[in-house]
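> Next come the chains, spelled out residue by residue.
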Amino acid sequence: NAGVTQTPKFQVLKTGQSMTLQCAQDMNHNSMYWYRQDPGMGLRLIYYSASEGTTDKGEVPNGYNVSRLNKREFSLRLESAAPSQTSVYFCASTIGAGSHEQYFGPGTRLTVT
Amino acid sequence: KQEVTQIPAALSVPEGENLVLNCSFTDSAIYNLQWFRQDPGKGLTSLLLIQSSQREQTSGRLNASLDKSSGRSTLYIAASQPGDSATYLCAVTTSQLSFGAGTTVTVRA
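Just so you know, the sequences run in chain order B and S.
Just so it is clear: in the first sequence, position 20 is 20 by our numbering, and no numbers are missing.
Just so it is clear: in the second sequence, position 93 is 93 by our numbering, and no numbers are missing.
Looking at chain S on its own, in the form it has when it is part of the complex (with noise of 0.2 Å):
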């Protein structure tokens, strides 16, 4: 059974800091791995999806490295923002898409 874990699962960082969230996961023999934003209250929105051939992804401050064999991603968020505060998921696709728990990130003014 895919597990996926995120650390951490919390983070605070002040405004104009790089965020770097990290996550793992047990089984690499995966299609594909989605990063996820969630605002309190709302639906998931897709930030990126890299296809398991790939290393990374990139769209706008956002950049997202897939290591398969060591079954791990890192999304990096550059110059944080206020309004990039949030809880971010990472999901892996072997037969379904399995999810993390999830880092709730808070930037401060």
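So here's chain B without its partners, still in its complex pose (with noise of 0.2 Å):
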């Protein structure tokens, strides 16, 4: 049992370029999400999926895209990367919305030169 894992683990891109950081969970959890942490401000929520076929925008969605592939995986697209998304990324998954506890993975770190 993985719990959740995240590929890569780092990252450097150039201004203008694309990727997409990849997500997933083995623990047949409904609720998905991606982070971002940037010092002295905490996580940041920028997209989520409440269940499989469904996402929503956070606090900080600008820039970003998702696709909920399936119920493991939920992965995140940077179109068009710029220094501000230099950051950690951290995708989490919980059971459902709401009371539940949120599972995190081991996060991405990006730099965007």
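The reader is advised that the hints may include incorrect statements.
[Claimed, not checked] Lysine-lysine pairs mimicking DSS-like chemistry, simulated, CA-CA at most 25 Å apart:
| no. | chain 1 | residue 1 | chain 2 | residue 2 |
| --- | --- | --- | --- | --- |
| 1 | B | K9 | B | K57 |
| 2 | B | K57 | B | K71 |
| 3 | B | K9 | B | K71 |
| 4 | B | K57 | S | K1 |
| 5 | B | K9 | S | K42 |
| 6 | S | K68 | S | K1 |
Think of the hints as simulated: they come from the structure by calculation, not from any bench.
Assemble the dimeric complex from its two separately framed chains, guided by the hints.
Listed below in structure tokens is the structure:
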């Protein structure tokens, strides 16, 4: 049982390049989330998927798109990377939205030059 | 919009001292409050989850209290050890999970 896995662990992009961050969970969770963590600001929600087939914007969605590929996988895409998107990105999952515990992946450290 | 504040931002204590970490939030209509630990360069590990109907949760040397009406939670770590050095984050769930910026703890041997 791997929990929540993320790939890649590290990535360096040039401004304007695109890339997709992958996330998968093997806990049969319904809800999945993407966060970014910046120094001194805690984690901020980018997008979430309450259940398979649905996605919704979080606090900071601009510049990102997501795809809930199936119940296990939830990807985050940067179409045209900007230096302001340099951050650590975390994926999380929970059984369902609301009162349940969230489980986090190890993170992807992204640098945009 | 839910605002979550953690004070202090950093804390350094000698080994064996008890740790007290504070978290406050502005909207008391929460489903739960969760405390996480984050080691440098790593992901988040859930320590304790307190449902809105609960007043406290305990796990080993860790005890977390919740006072929903005043918008406060406190994490107590008894008899601190150098291995407790990490950043501790609290997060509250309303429609979404909102995080504080964390308290970075250093336990000196």
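> The structure should be examined with respect to each hint, and the outcome stated for every one.
The hints, checked one at a time:
no., hint, result
1, K9(B) <-> K57(B), "holds (24 Å)"
2, K57(B) <-> K71(B), "holds (18 Å)"
3, K9(B) <-> K71(B), "holds (22 Å)"
4, K57(B) <-> K1(S), "holds (15 Å)"
5, K9(B) <-> K42(S), "holds (10 Å)"
6, K68(S) <-> K1(S), "holds (16 Å)"
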